[in-house]
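The chain contents come next:
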Amino acid sequence: MEERKGRKKKVLLMGKSGSGKSSMRSIVFSNYVAKDTRRLGATIDVEHSHVRFLGNLTLNLWDCGGQDAFMENYLATQRDHVFRNVEVLIYVFDVESREFERDLITYSSCIEALRDNSSNARIFCLIHKMDLVQTELRERLFNERRDVLESRSLGLSITCFQTSIWDETLYKAWAGIVYTLIPNLPQLETHLHRFASIADAEEVILFERTTFLVISHVTRSSIPNPFPDRFEKISNIVKQFKQSCSKMASNFTAFELRAAGFSAFIDVLTPNTYILVVMPAGAAESATTLMNIAVARKHFEKLERDSSVRGVEKLERDSSVKGVETGGGGAGGVGEKDGIYGN
Amino acid sequence: MPLSSSSSSSSEQFSCRPPPTPPYNPIPINSKMDCSASSQSTKKNSYSLERFLQEPASPSPRTAHKSGYRPHSSMSRSQALQSPTSSVGTYPGLGQASNRRPRLLLMGQRRSGKSSISSVVFHKMPPTETLFLESTTRIQKDPIQLVPIFVLERGFIANIWLLHSSFMDFQVWDFPGQLNFLDPTFDFDHIFGELGALIWVIDAQDEYLEPLSNLHTTIIAIQRFYPAINIEVFVHKVDGLSDEYKLDTQRDIMQRTQDELSDNGLDNVQVSYHLTSIYDHSIFEAFSKVIQKLIPQLGTLENLLNVLCSNSGIEKAFLFDVLSKIYIATDSSPVDMQSYEICSDYIDVIVDVSEIYGYDRKPQGQVSSPTSEAPSETQQEEEEATLEASSIIRLQNGMVLYLREINKYLALICLMRKDSIERQGLVDFNVQVFQNALQRVFEVGR
Chain A
1 MEERKGRKKK
11 VLLMGKSGSG
21 KSSMRSIVFS
31 NYVAKDTRRL
41 GATIDVEHSH
51 VRFLGNLTLN
61 LWDCGGQDAF
71 MENYLATQRD
81 HVFRNVEVLI
91 YVFDVESREF
101 ERDLITYSSC
111 IEALRDNSSN
121 ARIFCLIHKM
131 DLVQTELRER
141 LFNERRDVLE
151 SRSLGLSITC
161 FQTSIWDETL
171 YKAWAGIVYT
181 LIPNLPQLET
191 HLHRFASIAD
201 AEEVILFERT
211 TFLVISHVTR
221 SSIPNPFPDR
231 FEKISNIVKQ
241 FKQSCSKMAS
251 NFTAFELRAA
261 GFSAFIDVLT
271 PNTYILVVMP
281 AGAAESATTL
291 MNIAVARKHF
301 EKLERDSSVR
311 GVEKLERDSS
321 VKGVETGGGG
331 AGGVGEKDGI
341 YGN
Chain B
1001 MPLSSSSSSS
1011 SEQFSCRPPP
1021 TPPYNPIPIN
1031 SKMDCSASSQ
1041 STKKNSYSLE
1051 RFLQEPASPS
1061 PRTAHKSGYR
1071 PHSSMSRSQA
1081 LQSPTSSVGT
1091 YPGLGQASNR
1101 RPRLLLMGQR
1111 RSGKSSISSV
1121 VFHKMPPTET
1131 LFLESTTRIQ
1141 KDPIQLVPIF
1151 VLERGFIANI
1161 WLLHSSFMDF
1171 QVWDFPGQLN
1181 FLDPTFDFDH
1191 IFGELGALIW
1201 VIDAQDEYLE
1211 PLSNLHTTII
1221 AIQRFYPAIN
1231 IEVFVHKVDG
1241 LSDEYKLDTQ
1251 RDIMQRTQDE
1261 LSDNGLDNVQ
1271 VSYHLTSIYD
1281 HSIFEAFSKV
1291 IQKLIPQLGT
1301 LENLLNVLCS
1311 NSGIEKAFLF
1321 DVLSKIYIAT
1331 DSSPVDMQSY
1341 EICSDYIDVI
1351 VDVSEIYGYD
1361 RKPQGQVSSP
1371 TSEAPSETQQ
1381 EEEEATLEAS
1391 SIIRLQNGMV
1401 LYLREINKYL
1411 ALICLMRKDS
1421 IERQGLVDFN
1431 VQVFQNALQR
1441 VFEVGR
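Sequence lines, in order, name chains A and B.
Number 205 in the numbering used here belongs to position 205 of the first sequence; there are no gaps in the numbering.
In the numbering used here, each number is its position in the second sequence, counted from 1, plus 1000.
If you're looking for bench data, these hints aren't it; they were derived computationally from the structure.
A hint or two may mislead.
Claimed, not checked - For lysine-lysine, the following DSS-like pairs were computed, each having C-alpha atoms within a straight-line distance of at most 27 Å:
#1 Lys1124(B) to Lys233(A)
#2 Lys35(A) to Lys1124(B)
#3 Lys233(A) to Lys1246(B)
#4 Lys1418(B) to Lys298(A)
#5 Lys242(A) to Lys1316(B)
#6 Lys302(A) to Lys9(A)
#7 Lys239(A) to Lys1418(B)
#8 Lys1418(B) to Lys35(A)
#9 Lys1293(B) to Lys242(A)
#10 Lys239(A) to Lys1124(B)
#11 Lys1408(B) to Lys233(A)
#12 Lys1124(B) to Lys242(A)
#13 Lys247(A) to Lys1418(B)
#14 Lys247(A) to Lys1316(B)
All of these numbers come straight from a predicted model, not from anything done at the bench.
Can you make the complete structure from the sequences, with help from the hints?
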């Protein structure tokens, strides 16, 4: 129980009024479409929301209204209350802001308050509304802003992302943020690697179920994919499609695509995750891959349940990733092969 | 199995019956012209649609040529202006060899949204990004789809984009100011001679009386020489308008047009109206309707789809043009917007995912070869796979979306219940039969 408590991570979402904090939050966590965010009004004071992420990780999201009066309040009377025990500070800058200098002053005071109260917090700066900048100028502007921000962060290390709710950059930033918070990540990645090699998959991506943020990915293809930003692109694509499914009062459960050069499968893995498996052409029948996912499902569920128990070794011992051998067998060279079904 | 056999026999029936042939003989396509007129990629499939889709009825361009309506000087001038690299041979193709595909022309006032429409529908540009589109005064170079042709006419600059989309020619023609039809240098035949449909875009959020009078002038002028052209009016930018206001606007535009035309003694002109917006699916829906009118085989296609649906437990089937997400045929059950939307979004997913993972893996051959032990079989499979992609999405409410690539441009998308897909072998087989039938329909059409 105590550990459960410990896994509640306080995330502060701050920035000037109208910079897009609540819009972002609604899209990532509440399944809004970008268009719907027009309906959102101003956030008054702090809106708390608890987001269960991956089942055992709860994000305690503090969406702090950004009007000057509130800001002063946070920095003065509520200073301790707001800035204590913070795991992550996400500071949002409106790229179109006319008073960037003033934003910076507020930013610096927030950083100062954060340094005093929770010195270990990670800081992420999002340069938001990048869609309003012409494509050619985006990179340069972002770099400029990043340099300025780094110089104003009192020596603390910060991570900057350029974002827009209208494209996949939003998912890139949030996946990057959430990635740092997942507790049993190395373990998860080991198992994902093993699954990928047993299934002989070209690429395996693990997504969180509700947000469809990328948790982890394994790439085994020798030819580099020309899209380095494909993970967040897929998040975006699937999210869009989920949205259109919801118009039919439904949700999608499984996706399968067999095309010329590859086949792709998206399926539910655990109650909290989806998995995308990309197979090279002609490597295996669809049924084989689906069977592989089904077999891996139990294992990953167990992994998720056990993740509260410390000790990677224990899990390593327990783990018996079962898989259906695909292709000629050369690829599935993993020690434990109990429960392998031949084709 | 009995189900499937009945499907095959009945579809054969359909394909044996010759589809409605166009009232005139198609002009033999000069092979050279053909190659240059179509983009490089269109020749890969032996049965691509474009060859067989002819305009239902447009006056033979040859005779129009002889009438001398096209002054020689203007022709050579415009030819001289086109860039030599992008479209050698394409331009003459406009007048002669290109009566293979339905040709659409998009016209309207400045800033009515023509470029945005073509970007969204044919270019997959997100609607929000159309804000950045500059007014069409310069040529947008696009190596694949848009072949820009710059025509300088007296008094105005027209910018024509020729879009070699999957199975239709598509032009955006943007002209600021009044079009003077009496101007002898105006190359009338060149623009309207081959046209299947004229799409006139009216900005519903703007003052529309002046554009409307331009529309009337244009209709009257066209009707004289080319009565076969379908006139389609897009009452555009209706997002943001209330439903009532939308309909009022449409009614007003219809009324005014009707009055104006009957004043000029043109009572029987068919003008269709569509409420459109690039921010939802209405623009695609409208285009679908426009295109469907121009496909002579539509009846046959619908029948085939009906047979397929009834024999495979499919609730709704669409034949989509993948690139533009326009459906060129559907079965005869009523189309509800929802299923169209989900199918169209489904295409987005397929196209996007394919784009991400469909990169060239050729060098990988050495890597994967040791794993594939039965080379002949797998190779055959691979070859089959290159022909058609297939996909299934299962939804929580028990519905299943089934997609099958029919050829390079067309995809069949079916909506069905979960129990129907349990007999997936049957569905696959029936779709295969449907695909063959479709191919034969188009072969007969040739």
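(message) Checking each numbered hint in turn, tell me which of them this model violates, lowest number first.
(response) Violated: hints 3, 8, 9.
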